[in-house]
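Colleague: Residues per chain are reported as follows:
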Amino acid sequence: MRQLRIALRLVLMQIRSQMEYRGAFWIDRIAQIITYSSSLAVIWLLVDRFTELAGWRWPDLLLLYSFHVLGYATGAAISFTQMRDLEERVRLGTFDSLLTKPISPWLYIVFSGFNIGYAGHILLGIALMVWALWIAPVDWSLLTIAYFIASLLSAAMVTAAFLTMIGLTALIWVRSNHLYSIFFGFWELTRYPLDIFPVGIQGVMLTIVPLAFTSSVPVAVVLGKQVPLLGDWAPALALLAGPFFVLLAVLCWREAVNRYQGAGG
Amino acid sequence: MVEVIEVRSVSKTYQQPKRFPGVLGALKSLVTPEYTEVKAVADVSFGIRKGEAVGYLGPNGAGKSTMIKMMTGILVPTSGSVSVLGCTPHERRMEIARRIGVVFGQRSQLWWDLPVADSFELHRRIYDIPAARYADNLRRFAELLELEPFLDRAVRQLSLGQRMRAEIVMALLHDPQILFLDEPTIGLDVVAKDAVRRFLAEVNRERGITIILTTHDLQDIETICPRLIMVDHARLVFDGELGRLRSALGSARRLTLEFTTDPGPLPLTTAVLTADDGLLKHYRIERDDVSLVDVLTEVGPGREIKDIALEEPNIEEVIRTFYQRRNTAVPA
Chain X
1 MRQLRIALRL VLMQIRSQME YRGAFWIDRI AQIITYSSSL AVIWLLVDRF
51 TELAGWRWPD LLLLYSFHVL GYATGAAISF TQMRDLEERV RLGTFDSLLT
101 KPISPWLYIV FSGFNIGYAG HILLGIALMV WALWIAPVDW SLLTIAYFIA
151 SLLSAAMVTA AFLTMIGLTA LIWVRSNHLY SIFFGFWELT RYPLDIFPVG
201 IQGVMLTIVP LAFTSSVPVA VVLGKQVPLL GDWAPALALL AGPFFVLLAV
251 LCWREAVNRY QGAGG
Chain C
1 MVEVIEVRSV SKTYQQPKRF PGVLGALKSL VTPEYTEVKA VADVSFGIRK
51 GEAVGYLGPN GAGKSTMIKM MTGILVPTSG SVSVLGCTPH ERRMEIARRI
101 GVVFGQRSQL WWDLPVADSF ELHRRIYDIP AARYADNLRR FAELLELEPF
151 LDRAVRQLSL GQRMRAEIVM ALLHDPQILF LDEPTIGLDV VAKDAVRRFL
201 AEVNRERGIT IILTTHDLQD IETICPRLIM VDHARLVFDG ELGRLRSALG
251 SARRLTLEFT TDPGPLPLTT AVLTADDGLL KHYRIERDDV SLVDVLTEVG
301 PGREIKDIAL EEPNIEEVIR TFYQRRNTAV PA
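Heads up: the protein sequence lines correspond to chains X and C, in order.
The first sequence begins at 1 in our numbering and counts up one residue at a time.
The second sequence begins at 1 in our numbering and counts up one residue at a time.
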């Protein structure tokens with residue numbers, strides 16, 4: 001309870017800090033809308049031209065895109081900018097100061113760096129999803145609704161766990177940011193169905209960089225499509241991926257904090 | 001008196017990946033990483049009693065910050081044991097954190113864009129400080145360090161001196177038993193340094209808070225810390241009263257005399273000639289009881305002096321002198 005109150009206070013302080021730079025905040029939001037609109041436009045153009053991508057039509061692809069945006073934004077809101085800036089905290093030594101406070105450094109970093117910018121992503125994701133659900137051919141039942149929500153949470157967990165595991169390498173190697181470009185390289189591919197990629201890339205996206213679990217695997221399950229390589233295991237694996245990678249991230253975080261050497265000096 | 005800190009044969013070795021030049025080299029260090037071991041602290045032992053104020057001193061890279069980080073639970077020693085208030089800091093990090101205060105001179109713990117008061121309020125919640133005690137501490141410390149005029153200003157608008165005063169007050173709000181300060185006066189102007197020093201000496205005296213501070217500035221030690229621990233090249237080289245160090249070392253001041261005409265070689269008994277550039281002569285005054293007047297008297301009235309510069313030894317120099325002589329002069 002105490003931790004929760006502190007977390008809430010950290011979020012409020014962070015929002016007030018961000019509001020000190022309102023101009024930058026709104027420019028950032030506009031840039032975001034333009035970026036997302038253009039990536040969605042690319043998908044629309046592709047479908048307009050070829051009618052479908054590996055059996056996925058416009059409503060399917062729209063659902064996939066909205067799931068990709070919403071799952072990512074929910075996970076990234078509690079991990080991306082915070083963990084990207086961990087490198088800076090280590091370099092400047094402010095991570096050291098955190099370790100001298102009676103509070104979990106993870107909790108402090110995540111909530112004091114809470115990025116309200118993601119509210120924009122989340123609203124966009126919800127709007128697109130409402131549109132997609134309106135037109136997508138899903139046979140809804142209580143079970144599919146529950147599955148859909150659970151797999152969305154699992155996607156957010158995979159995203160947060162991965163972004164966290166990349167960031168925490170800064171605790172050991174001081175630098176981590178180059179690894180994010182690898183992550184985002186694969187992340188951009190998750191806007192498209194897994195089926196369109198060669199088997200090698202499919203394999204990578206289901207194992208080493210398992211971002212397929214943040215979009216095309218669960219969405220294919222909901223749409224009743226076959227998932228390459230996973231087959232009948234797909235529904236269960238999509239749900240288990242989140243808790244599994246969160247657990248892995250927690251273990252890695254503990255190990256990294258224990259092995260932390262500081263930036264030297 | 002109870003020992004609040006016990007450091008026994010502590011060493012800390014950092015593993016640093018070896019870097020090789022060029023792209024191939026970068027690839028090599030990625031595929032088959034090799035490490036060099038850098039010893040930051042080597043076999044250091046000391047004990048600190050409740051209520052003491054101790055200066056931890058040494059040149060850059062001597063392992064001062066590393067020792068502070070091991071005592072505050074940030075780093076784990078490679079060997080040996082550290083005990084703070086009866087606990088091993090890195091094992092009981094949270095528990096120790098409630099009972100100590102930490103100030104890093106070069107890294108702020110305040111929220112840059114928000115008023116100082118907001119950071120204090122967050123601190124109150126993180127440390128669970130009862131409201132009455134918090135109000136009382138804040139009022140008293142804020143008064144002593146004159147924080148009131150800027151409590152409501154954003155931290156980014158404060159001067160370095162104001163910010164450091166705020167950092168120190170924040171570290172004391174939860175009534176810590178031990179206060180660790182890593183270079184608390186670095187970069188401050190003379191007035192701010194003086195205010196910080198007087199305040200720290202006072203909280204040590206009045207509240208019995210144990211203080212351990214690292215510094216480059218001998219004046220910090222003189223005002224705040226009767227006891228001095230000196231390290232160099234990772235090892236402890238001196239532990240004792242400042243007075244003892246000084247009397248053992250004497251004060252090797254440096255004197256430069258500039259003459260209008262070259263007086264030729266000019267050896268003196270009161271000072272040792274260390275360099276002779278003709279018009280400019282450099283001396284070292286090794287004995288404490290020799291004054292500038294004594295030296296000038298010996299130089300005599302016949303030689304016209306254009307300029308005189310007398311330099312007190314800085315801390316780096318004291319340590320160097322000390323290090324060179326420690327085998328014969330002072331038992332470490």
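Wrong hints could be hidden among the right ones.
Stated by the list, open to error - Dumping the calculated DSSO-like pairs for lysine-lysine here, alpha-carbon to alpha-carbon at most 27 Å:
| hint | chain 1 | residue 1 | chain 2 | residue 2 |
| --- | --- | --- | --- | --- |
| 1 | C | 18 | C | 28 |
| 2 | C | 50 | X | 101 |
| 3 | C | 28 | C | 39 |
| 4 | C | 193 | X | 101 |
| 5 | C | 50 | C | 193 |
| 6 | C | 50 | C | 18 |
If you're looking for bench data, these hints aren't it; they were derived computationally from the structure.
Colleague: Between residue 50/C and residue 193/C, does the CA-CA distance stay at or below 27 Å?
Modeller: holds, 25 Å
Colleague: Holds or violated: are the alpha carbons of residue 18/C and residue 28/C at most 27 Å from each other?
Modeller: OK: residue 18/C and residue 28/C at ~10 Å, within 27 Å.
Colleague: What's the verdict on residue 28/C and residue 39/C, does the C-alpha distance respect the 27 Å limit or exceed it?
Modeller: Holds, at roughly 24 Å.
Colleague: Take the C-alpha atoms of residue 193/C and residue 101/X, compute the straight-line distance between them, and say whether it is at most 27 Å.
Modeller: holds, 26 Å
Colleague: Just to be careful, I want the Cα atoms of residue 50/C and residue 18/C compared with a cutoff of 27 Å; is the pair within it?
Modeller: violated, 43 Å
Colleague: Are the Cα atoms of residue 50/C and residue 101/X separated by 27 Å or less?
Modeller: holds, 22 Å
Hint check: a violation occurs at hint 6 only; the rest are consistent with the structure.
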